[in-house]
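Here's the letter readout for the chains.
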Amino acid sequence: MSTHTSDNVGVVTPSVFHYPEPFVLQNGGALEGFDLVYETYGNLNATASNAVLICHALSGHHHAAGYHDSADTKPGWWDSCIGPGKAMDTDKLFIVSVNNLGGCHGSTGPESIDPSTQEPFGPDFPQVVVKDWVASQMLLAEHLQIERFLAVIGGSLGGMQALQWSIDFPERVENAVLIATAAKLTAQNIAFNEIARQAITSDPEYRAGRYRLEDTNPDHGLMLARMIGHVTYLSDDGMASRFGRELKSGDIDKDQDVEFQVESYLHHQGRSFTQRFDANTYLLMTRALDYFDPARETDGDLVAALNHAKARFLVMSFTSDWRFSPERSKEIVDALIAAGKDVAAAVIESEHGHDSFLLPIPRYTSALQAYLNHALSRATEQWNH
Amino acid sequence: MRPDLELVANLIQTDARVLDLGCGDGELLHNLQQHKSVIGYGLDKDAENIGLCLAKGVNVIEQDLDEGLGNFQDDSFDMVIMTETIQSVHNPLLLLQEMLRVGRECVVTFPNFGHWRCRLHLAASGKMPVSAHLPHRWYDTPNIHLCTFNDFEALCAHLNMLILQRRVVNRHHNERSLINLAPNLFGSYGFYHLGRTT
Chain Y
1 MSTHTSDNVG VVTPSVFHYP EPFVLQNGGA LEGFDLVYET YGNLNATASN AVLICHALSG
61 HHHAAGYHDS ADTKPGWWDS CIGPGKAMDT DKLFIVSVNN LGGCHGSTGP ESIDPSTQEP
121 FGPDFPQVVV KDWVASQMLL AEHLQIERFL AVIGGSLGGM QALQWSIDFP ERVENAVLIA
181 TAAKLTAQNI AFNEIARQAI TSDPEYRAGR YRLEDTNPDH GLMLARMIGH VTYLSDDGMA
241 SRFGRELKSG DIDKDQDVEF QVESYLHHQG RSFTQRFDAN TYLLMTRALD YFDPARETDG
301 DLVAALNHAK ARFLVMSFTS DWRFSPERSK EIVDALIAAG KDVAAAVIES EHGHDSFLLP
361 IPRYTSALQA YLNHALSRAT EQWNH
Chain A
1001 MRPDLELVAN LIQTDARVLD LGCGDGELLH NLQQHKSVIG YGLDKDAENI GLCLAKGVNV
1061 IEQDLDEGLG NFQDDSFDMV IMTETIQSVH NPLLLLQEML RVGRECVVTF PNFGHWRCRL
1121 HLAASGKMPV SAHLPHRWYD TPNIHLCTFN DFEALCAHLN MLILQRRVVN RHHNERSLIN
1181 LAPNLFGSYG FYHLGRTT
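One line per chain: the protein sequences are Y and A, in this order. Quick note, the first sequence lines up with residues 1 to 385 if you use the working numbering. Quick note, the second sequence lines up with residues 1001 to 1198 if you use the working numbering.
It is worth saying that the hints were derived from the structure and are not from the lab. Note that the coordinates shown come from a computational prediction; the quantities given were computed from them, not determined experimentally. No residue lacks a Cβ here, since even glycine has one placed at the ideal position from N, Cα and C. One or more of the hints may lead you astray.
[Stated by the list, open to error] If you want the ones that stay clear, here's a sample from chain A, every Cβ over 10 Å from chain Y, calculated:
(1) 1039
(2) 1056
(3) 1058
(4) 1061
(5) 1084
(6) 1136
[Unchecked claim] Restraint-style ranges between C-beta atoms, simulated for each label pair:
(7) 297/Y with 1160/A: 26 to 34 Å
(8) 1073/A with 267/Y: 30 to 38 Å
(9) 1196/A with 304/Y: 35 to 43 Å
(10) 48/Y with 1045/A: 50 to 58 Å
(11) 1045/A with 249/Y: 27 to 35 Å
(12) 383/Y with 1034/A: 33 to 41 Å
(13) 1068/A with 47/Y: 42 to 50 Å
[Said to hold, decoys possible] Only pairs whose alpha carbons sit at most 25 Å apart, straight line, appear in this in silico DSS-like list of lysine-lysine:
(14) 1045/A with 1056/A
(15) 1056/A with 1036/A
(16) 184/Y with 310/Y
(17) 248/Y with 92/Y
(18) 330/Y with 1056/A
(19) 310/Y with 1056/A
(20) 310/Y with 330/Y
(21) 1056/A with 92/Y
(22) 184/Y with 330/Y
(23) 1036/A with 310/Y
(24) 1127/A with 330/Y
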């Protein structure tokens, strides 16, 4: 595997933004400062008008594109869309991708040391919400001297951040691209998150969240949580065509222990997740998902919540996505229209469920590319006037 | 720009709020955004068209007109436009009513099934007309609700809609004297600017 082919950004090295001041959170808590790990791809132009912020989803992180070293075989999580000539074209755009507060990939989170106790925060890490993430990303933008993002882009929980950006910092977002997301979760969606949380917290190895101190990990609970999540990110048809009823091992007719392909896949996904994800972060991120509801500040009126937004919006969803269904995107689109905002919306045919937003589906990536190309040429025109 | 779109564009005021039903590649809205700074949305259900609209920076919404306009509020547009689309929707009556609910005025253009060529074709061959402006055969046509100018005007009367302006053109989008003499016989395309009676 070559990591230096022309269709990817090659080897990237993460950076750390250290914010030394107290940072007050929405829930009243505070951090005495924080670190945000981030990566950038492409070059910021002279007018700083080509900057794009990528917001990650539940299990994401800052490593969205390229490779971490030349032996690395797995590219960043959104490599299908970020790179030279890709939908988010690094020949034209300067892309910033950040690991959110509360994460477990280098930014300040439950695994970080609490300065007041000199021990890992663990379960005592304050609950952060989407608005906090946006506020911290904004401080990173200032650090990078980006006054205004050409676009803030995210899928799922990342789309929620892009939406919150457009509300909280209307002057700083030219385009908000919301992919496979929702203005708030449905009861069904929250229910899946709660089952995942219960799987983790009921694992005896969870130890009330202090598993690190006791040198253990709630592997089983975290694995279950990920398996549940995975099923909801795929679709019935997608699983049927990918796994069908194929057996990985055993023979049903011979009364042997049988493992279906789909079981094997879920076990593998679950197990590998426990190697790279922190249980307390998973709890925190799912709660941030559940709590997100920008219309709560306007008595449930999403149109009113969007009233001051100035961005142009692109809203995309996928036909087989039932966790963040096209109906949820339509709610956002309808509210944007009612608020008189510029918005375009596409519903992409796909059998890959919620995971579609991570895949190189031609109609999806070309729509994103067309939109961003136009956004960039409009921004360039404005600068030249 | 397509000649019929030119006719439509001439009716739109600067800064108007415009909804274009079946907006195609977004040519009209793109033109109106550039020259009349309208706030406009286009609805379409064709994937390729949506891509073309995005490339132009047009506010295109992927939406099937057969699902109605329930997501648009009353009086939210100055003009609702539907060019050469009404013949392919499932419920033209309902959609017309919806157009004048969400918009104060609307423009509808469509091919005339009462054109003499259609009539002659049916009379002479006994088969459904296939012509330059209606090229499909009966079994593969998207045009499931073809009508004549007389039919359309009768529906407008039935729905108490005001015909503010009617323009009738031939297939080259020219207005000729013969057409004015007997539009339902010689006109290929009709252009109707409609308003509410109250």
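Here is what the structure says about each hint:
Interface exclusion of residue 1039/A from chain Y breaks down, the closest Cβ pair being 6 Å apart, not more than 10 Å. The beta carbon of residue 1056/A is not kept farther than 10 Å from every beta carbon of chain Y, the shortest such distance being approximately 7 Å. Some Cβ of chain Y comes within 10 Å of the Cβ of residue 1058/A; the nearest lies about 7 Å off, and the non-interface call is violated. Consistency note on residue 1061/A: stated as away from chain Y, yet its beta-carbon is not over 10 Å from all of that chain's, at 5 Å minimum.
For residue 1084/A, the non-interface assignment is confirmed: its Cβ lies about 22 Å from the closest Cβ of chain Y, beyond the 10 Å cut-off. The beta carbon of residue 1136/A sits about 24 Å from the closest Cβ of chain Y, which is more than 10 Å, so the claim that it is off the interface holds. For residue 297/Y and residue 1160/A, the Cβ-Cβ distance of about 43 Å falls outside the hinted range of 26 to 34 Å, so the restraint is violated. Checked against the hint of 30 to 38 Å, the pair residue 1073/A and residue 267/Y fails, with Cβ atoms roughly 50 Å apart.
Look at residue 1196/A against residue 304/Y: about 29 Å separates their beta carbons, and that is not inside 35 to 43 Å. A hinted range of 50 to 58 Å is violated for the C-beta pair residue 48/Y and residue 1045/A, which are about 38 Å apart. Remark: the range hint 27 to 35 Å for residue 1045/A to residue 249/Y is contradicted by a beta-carbon distance near 46 Å. For the pair residue 383/Y and residue 1034/A, the supplied restraint of 33 to 41 Å is violated, since their beta-carbon distance comes to about 18 Å.
Take residue 1068/A and residue 47/Y: their Cβ atoms lie about 44 Å apart, and the range 42 to 50 Å holds. Distance hint between residue 1045/A and residue 1056/A is fulfilled; the C-alpha atoms sit about 17 Å from each other, no more than 25 Å. Proposed proximity of residue 1056/A and residue 1036/A is supported: the alpha carbons are some 16 Å apart, at most 25 Å. The straight-line distance between the Cα atoms of residue 184/Y and residue 310/Y is roughly 21 Å, inside the 25 Å bound, and the hint therefore holds.
At roughly 45 Å between alpha-carbon atoms, residue 248/Y and residue 92/Y are farther apart than 25 Å, so this suggested pair is violated. For the given pair, residue 330/Y sits about 22 Å from residue 1056/A by alpha-carbon distance, which is consistent with the 25 Å threshold. Proximity of residue 310/Y to residue 1056/A is assessed by CA-CA distance (about 19 Å); at most 25 Å being required, the pair is judged to hold. With a C-alpha separation of about 19 Å, the suggested pair residue 310/Y and residue 330/Y falls inside the 25 Å cut-off, and the hint holds.
A threshold of 25 Å between alpha carbons decides the hint, and for residue 1056/A with residue 92/Y the separation of about 18 Å falls inside it, so the pair holds. In summary, the hint linking residue 184/Y to residue 330/Y is supported, as the alpha carbons are separated by about 12 Å, within the 25 Å threshold. Taken as a hint, the residue 1036/A and residue 310/Y pair is honoured in the structure, with Cα atoms around 20 Å apart against an allowance of 25 Å. Taken as a hint, the residue 1127/A and residue 330/Y pair is broken in the structure, with Cα atoms around 43 Å apart against an allowance of 25 Å.
In this structure, the earlier hints numbered 1, 2, 3, 4, 7, 8, 9, 10, 11, 12, 17 and 24 are contradicted, and the remaining ones agree with it.
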